[in-house]
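Chemist: One-letter residues, chain by chain:
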Amino acid sequence: EAQVTQNPRYLITVTGKKLTVTCSQNMNHEYMSWYRQDPGLGLRQIYYSMNVEVTDKGDVPEGYKVSRKEKRNFPLILESPSPNQTSLYFCASRKDQQGVNEKLFFGSGTQLSVL
Amino acid sequence: AQSVSQHNHHVILSEAASLELGCNYSYGGTVNLFWYVQYPGQHLQLLLKYFSGDPLVKGIKGFEAEFIKSKFSFNLRKPSVQWSDTAEYFCAVNAGTNAGKSTFGDGTTLTVKP
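Quick note, the sequences are listed as chains E and B, same order.
In this text, residue positions in the first sequence follow this note's numbering: the first is 5, and each later residue adds one.
In this text, residue positions in the second sequence follow this note's numbering: the first is 32, and each later residue adds one.
Check before you lean on any hint, since a few could be wrong.
[Unchecked claim] Residues from chain B that keep clear of chain E, each with C-beta distances beyond 10 Å, as calculated:
1) 37
2) 38
3) 65
4) 73
5) 85
6) 95
7) 97
8) 99
9) 116
10) 117
11) 132
12) 137
13) 143
14) 145
[To be verified] Below, in silico cross-link-like pairs of lysine-lysine (DSS-like), each with a Cα-Cα straight-line distance of 30 Å or less:
15) B:92 to E:61
16) E:75 to B:80
17) E:73 to E:99
18) E:22 to E:75
19) E:75 to B:102
20) E:22 to B:144
21) B:80 to E:107
22) B:80 to E:99
23) B:89 to B:132
24) E:75 to E:99
25) E:61 to B:144
26) E:22 to B:92
27) E:99 to E:21
28) B:100 to B:144
29) E:99 to B:100
30) B:132 to E:99
31) B:89 to E:99
32) B:80 to B:92
33) E:73 to B:89
34) B:102 to B:89
[Stated by the list, open to error] Sample of chain E residues at the chain B side, in silico, Cβ under 7 Å:
35) 25
36) 58
37) 60
38) 68
39) 102
40) 104
Rather than coming from a laboratory, the hints here were simulated on the basis of the structure.
We put the CB at the ideal spot given by N, CA and C, even for glycine.
Chain B on its own, in the form it takes in the complex:
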């Protein structure tokens, strides 16, 4: 069965600091990986996704993530965070064998201090 683990539950940064949120998944086959963001009071929206090709993917708002197959990881990064990045971030995986199952991590709450 597929599973997702996010290392940090709550991260607090100052504006302009660099961000890296960890995500590890457990599934040996082909995976499709996603990062979603949930701003306060809003629904989840896609930041970026990886399914094939260049393991370094770029998303909206300056976010990027790197798929490292050997480490089963898909960490999210941003070189310089802004106050408006305060949100909850979810890593998710869809394995190829069951198109219906989507597995999300526990989420990481990011607070950016102005």
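Looking at chain E on its own, in the form it has when it is part of the complex:
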């Protein structure tokens, strides 16, 4: 089944403790992206990747890192999480890096709470 898989589904952590949220897609998609969803603010793009080893900042990249060492995986790294990073995170992918008219496939989300 074609899907985008995120782990974990829920995560509670403390300020300053490094964490990684994994994202994997099995569709051989070139493009992957991370969003955070906050009440009243919708989805805001954190980072995106057009292909392996090609990443770029979205609208809210501060406090986050990403890597794209292989096509299927696009982990989101919080080196020193802070409470303002408490949010619902979604990973998404699409087939072509230039496919601006293609739909995004979304993962099920990761609810992160930073205490």
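Given chain E, work out where chain B should sit, using these hints.
Modeler: For chain B alone, coordinates are given in the frame of chain E:
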């Protein structure tokens, strides 16, 4: 820079009522427009999209949207809503100049009363 504005944050309707959710974008060039839906506890999924051709696009579950270039709008409509349409709806835009950037609106929560 591209941006998206959704007019209503929360809409409450009774079953069989008609629905129209507003979406306006700001970008002067070619745009690709999307409506996504997020049912409670689920991930986002595509309802419909527009990138060229007929400005009236039809999507899944009886939804449609009309692209009006002169008004920079892409409003979502459904003639008769059902309880199962209760969800959050997001309008999104991808401008042609930066294929990597996807901009979403704030979302509209639709509650349909049975």
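Chemist: The structure should be examined with respect to each hint, and the outcome stated for every one.
Modeler: Each hint, compared with the structure:
1. 37: violated, 8 Å
2. 38: holds, 13 Å
3. 65: violated, 7 Å
4. 73: violated, 7 Å
5. 85: holds, 14 Å
6. 95: Non-interface label on residue 95 of chain B holds, nearest chain E Cβ at 17 Å vs cutoff 10 Å.
7. 97: holds, 17 Å
8. 99: The claim holds: residue 99 of chain B sits with its nearest Cβ about 18 Å from chain E, beyond 10 Å.
9. 116: holds, 19 Å
10. 117: holds, 17 Å
11. 132: violated, 7 Å
12. 137: Violated: least Cβ distance 4 Å, not greater than 10 Å.
13. 143: holds, 20 Å
14. 145: holds, 25 Å
15. B:92 to E:61: Not satisfied, since the Cα-Cα distance of roughly 35 Å exceeds 30 Å.
16. E:75 to B:80: Holds: residue 75 of chain E and residue 80 of chain B sit about 26 Å apart, inside 30 Å.
17. E:73 to E:99: holds, 17 Å
18. E:22 to E:75: With a Cα-Cα distance of about 24 Å, the restraint between residue 22 of chain E and residue 75 of chain E holds, given a limit of 30 Å.
19. E:75 to B:102: Since the Cα atoms of residue 75 of chain E and residue 102 of chain B sit roughly 39 Å apart, the hinted pair is violated (cutoff 30 Å).
20. E:22 to B:144: Since the Cα atoms of residue 22 of chain E and residue 144 of chain B sit roughly 43 Å apart, the hinted pair is violated (cutoff 30 Å).
21. B:80 to E:107: Answer holds: residue 80 of chain B to residue 107 of chain E is near 8 Å, not above 30 Å.
22. B:80 to E:99: With a Cα-Cα distance of about 16 Å, the restraint between residue 80 of chain B and residue 99 of chain E holds, given a limit of 30 Å.
23. B:89 to B:132: The hint holds at about 25 Å.
24. E:75 to E:99: Distance of about 11 Å is within 30 Å: holds.
25. E:61 to B:144: This hinted pair is violated, its Cα atoms lying about 41 Å apart.
26. E:22 to B:92: violated, 42 Å
27. E:99 to E:21: violated, 34 Å
28. B:100 to B:144: violated, 33 Å
29. E:99 to B:100: holds, 27 Å
30. B:132 to E:99: holds, 15 Å
31. B:89 to E:99: Roughly 22 Å between the alpha carbons, so the hint for residue 89 of chain B and residue 99 of chain E holds.
32. B:80 to B:92: Holds, at roughly 14 Å.
33. E:73 to B:89: Cα-Cα ~38 Å, so violated.
34. B:102 to B:89: holds, 20 Å
35. 25: Interface hint status for residue 25 of chain E: violated (14 Å vs cutoff 7 Å).
36. 58: The hint is violated - residue 58 of chain E has no Cβ within 7 Å of chain B, the shortest such distance being about 9 Å.
37. 60: This hint holds: residue 60 of chain E lies near chain B, its Cβ roughly 6 Å from the closest one there, short of 7 Å.
38. 68: Cβ of residue 68 of chain E sits 16 Å from chain B, so the hint is violated.
39. 102: Status holds, d = 5 Å.
40. 104: Residue 104 of chain E check passes; min Cβ-Cβ to chain B is 4 Å, inside 7 Å.
Figure legend: structure checked against the earlier numbered hints; hints not met, in rising order: 1, 3, 4, 11, 12, 15, 19, 20, 25, 26, 27, 28, 33, 35, 36, 38.
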